[in-house]
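S.K.: Sequence:
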Amino acid sequence: MAHLLQTPWTFYFFQKGKNNTDYSKCIQKVAKVTSVEEFWGAYSHFLRPDKLRPSFQLHFFRNDSRAMWEDEENKSGGAFLIMLQPSHASEAWEKLLLSMIGEQIDSDIIGAVIALRPDCHRLFVWNQTADLNFCQKLAGELFKILELPYKTKICYNPHSRFLSTDGSGQLITSTTYQYEADGPVMVQNNNK
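So for the sequence shown, my numbering puts the first residue at 88; every next one is plus one.
Read the hints as simulated data drawn from the structure, not as lab findings.
Bear in mind that the values here come from a model prediction, so they are computed numbers and not experimental data.
Treat the hints with caution; some may be incorrect.
[Unchecked claim] Distance condition first, Cα-Cα at most 30 Å in a straight line; then the derived DSSO-like pairs of lysine-lysine:
no. : residue 1 : residue 2
1   : Lys238    : Lys224
2   : Lys116    : Lys162
3   : Lys116    : Lys105
4   : Lys138    : Lys231
Could you build the full structure based on these sequences and the hints that come with them?
M.R.: Next up, the structure:
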């Protein structure tokens, strides 16, 4: 008997080709999973992030959503950026995916991307609502799920920075949260 997920999730890989500048064509669907068994069946065939080549990305998104800020379901949201040491990337990635399929994290979280770099790996967690107070709550959830140490910083970037201004003529660029003993604290809000 299959243990169905509340919503389907899709694995993608991303690697930019030498001549391919169209980002959307670089996103390749690997598997859509609807049960715990399908998740583990697909996940077990992937190399762990700490074993992948730099410039390679893994994506995991709810339903058929993709890491495209222009897509309708993403326009009002943004992405958290967490810088990870390569030695911690695989564990953090797995914890995040398990919290997503188990619906242990707010349903506003629509997906995640791990981007590999030689010096550090970048974990992006995409959500659908770029409200500062709500994002602070989500940052708190991420600190706990990923078991990040105190003083760790998470940067939040709304997708609107690509699309338009916030109505005041200011382009919202990012907000940084730091994990303290009493939870996430906004330490910087960069508006231009």
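S.K.: Look at each hint and say if it fits the structure.
M.R.: Tested hints:
1. Lys238 <-> Lys224: holds (16 Å)
2. Lys116 <-> Lys162: Holds: lysine 116 and lysine 162 sit about 21 Å apart, inside 30 Å.
3. Lys116 <-> Lys105: With Cα atoms ~19 Å apart, lysine 116 and lysine 105 stay inside 30 Å; holds.
4. Lys138 <-> Lys231: Judged against 30 Å, a Cα distance of about 25 Å means the pair holds.
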